Amino acid sequence: MRYQNATAYRFLAPYLLIFSIFWLWPIIDSFLISFQATRTVPWRFAPGFNWGRLIGDPAFFNALKNTLLILVIQVPVMITLAIVMAVLLNSPLLKARGLFRFAFFAPVVVGEVAYSAVFRLMFNLDYGIINKLLNSVGLPSIDWFSNVTPAMAVIMIAVTWRWAGYNAIILLAGLQSIPQDVYEAATLDRVSKVKQFFYITLPLLKPIIVFCAVLSIIGTMQLFTEPFLITERGGPGGGTETLGLLLYRQGFRSLNFGYASAIAYTMAGLAIAISLVQLWLTREPK
Amino acid sequence: MSSRSSSSRSSARLGRSIALHLFLTPLALIWLFPLWMMVIFSTMPDRGIFSPSIELLPHGNFLDNVTNLQRGTNFIGAIGISVSVAVTYTFLSVLLTSMAGWALARYQFFGKGIVAAIILGTITLPYAVVLIPQFIMVARDFKLANTWVALIVPPLFNSLGVLFMRQAFSMMPHELFDAARVEGVKEWRIFLFVALPLARPMLAALAIILFLASWNNYLWPLLINSKPGAMTAPVALGTLIGLTKVSWGGIMAGAVLLTAPMLVVFVLLQRHFIAGIAAGAIK
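From first to last, the protein sequence lines stand for chains A and B. According to my numbering, the residues represented by the first sequence are 1 to 286, in order. According to my numbering, the residues represented by the second sequence are 1 to 283, in order.
Please keep in mind that the hints were generated in silico from the structure rather than gathered at the bench. On a predicted model such as this, the values are computed, not experimentally measured, just so you know. Just so you know, nobody snuck in bad clues.
Pair by pair, the computed Cβ-Cβ distance ranges are: (1) 147(A) to 56(B): 23 to 29 Å; (2) 178(B) to 9(A): 19 to 25 Å; (3) 47(B) to 98(A): 36 to 42 Å; (4) 145(B) to 17(A): 20 to 26 Å; (5) 98(A) to 188(B): 40 to 46 Å; (6) 91(A) to 184(B): 53 to 59 Å; (7) 193(B) to 184(A): 44 to 50 Å; (8) 143(B) to 219(A): 28 to 34 Å; (9) 91(A) to 77(B): 43 to 49 Å; (10) 190(A) to 188(B): 57 to 63 Å; (11) 184(A) to 148(B): 51 to 57 Å.
By construction, the Cβ of each residue, glycine as well, lies at the ideal position given by its N, Cα and C atoms.
Please model the entire structure based on the sequences and the hints provided.
As structure tokens, then:
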């Protein structure tokens, strides 16, 4: 095939221009800024300044710990739930499929601010509907936002509510691409539905599950709006502060761009590590 | 014998069907609950929201709540900004990503591997890495804070959209395009008048997803357009959450105004919506 450099780059030019200005340069710049002391005018080059602070900063380790804790609990729960939703929505026995799809997929269109407001109100101590319902079955109220554990739970519940259906949509598309005759053959051989799920569906779905898991991990790793709005700036007392929130606080409240850039690069490092794990998990068997 | 086994099979089927619905119905109700409560709260006066009784049915206070909200922050104006920005963004982004997708699907060119690697590589890169320099550049160097340009242009880079359109174009019969070229039709005309009309369903899916992303975008607009008259609707609503003297009925009315139009679009265009997300068009 002959090369058509001029034509191809004419089509790519606007896109690559936006990329260069708003992504390529910032990626480099962010790295450079992380080696500068940015609270003096003018900024000065000080290689150990931010990174040195990072490894000794309890606020950073607190945010890292919270972020990893949310990741380790919320992502597996949500992915499992999304698989269950997708498999059941795909069942030929299901009636009123449209209603069920609406129920699980609707949160996908709800904005972060809107749903943060609702969850905050639902989990209110004295007048929240959740505590009222707990009381009505004889259970005591929970002070959701004054203690770290329930506050973390609310964030995980909210994020799971918002994103489980999104992942279910992707998984459902994957399920529907599995050829039906595989299941027919298994049914003829009297393989139970449960066994079919574990020995046919899960292995064939694995690359898509890993894809969903990686996107979810990277999304959750940058979690910002939920601890910002639902638990009131990472409260109680920084108990739900995430890396995303710490970056916001350092970068845009304290205007400490150098330190915030070091935090950003730590997040990028984590993301790269996770992507490598994904490549390794979905590698072609030799 | 054979009829007995088939009837036992059909009763097993019935049992499985009942179990399926018994499990899925409560789960669906739990999932709808926050949305339902959003609607209920938006129709209640504040003294009703903050009362000890359990209220699960709508009241008649929605318009009063909207009025309260409008008094606290110019929410209707903010919605106007959000709509204009989302429409412009969607149009430009669909155009840019389809052009790039077309180039990758149709031409052989120097550096193609690098361009493809950039697009794949940025999918899993956290946005946090570009956030700070982007902010410094747009606010300080370009002096564009609190403008529409700041809201529209930086988010135009979207790698999953390009992959989606590349896929769409490469599934089309290339003989069609080659025939047009033999006729002497220019490449940009082939793109505009042959390829794009053929890609209409994919463009619709992409447009819906991009519109939604722009409509709900929070972090970037929060940082770059923080002046009251320049805020988008989610940012304006977010400023009220956490204030002590604030109408929660009003906040909920705002949440409904942000969510309801998207739910309608979702119901009407479900197929395109799901196609767009299933292709991983955006996160």
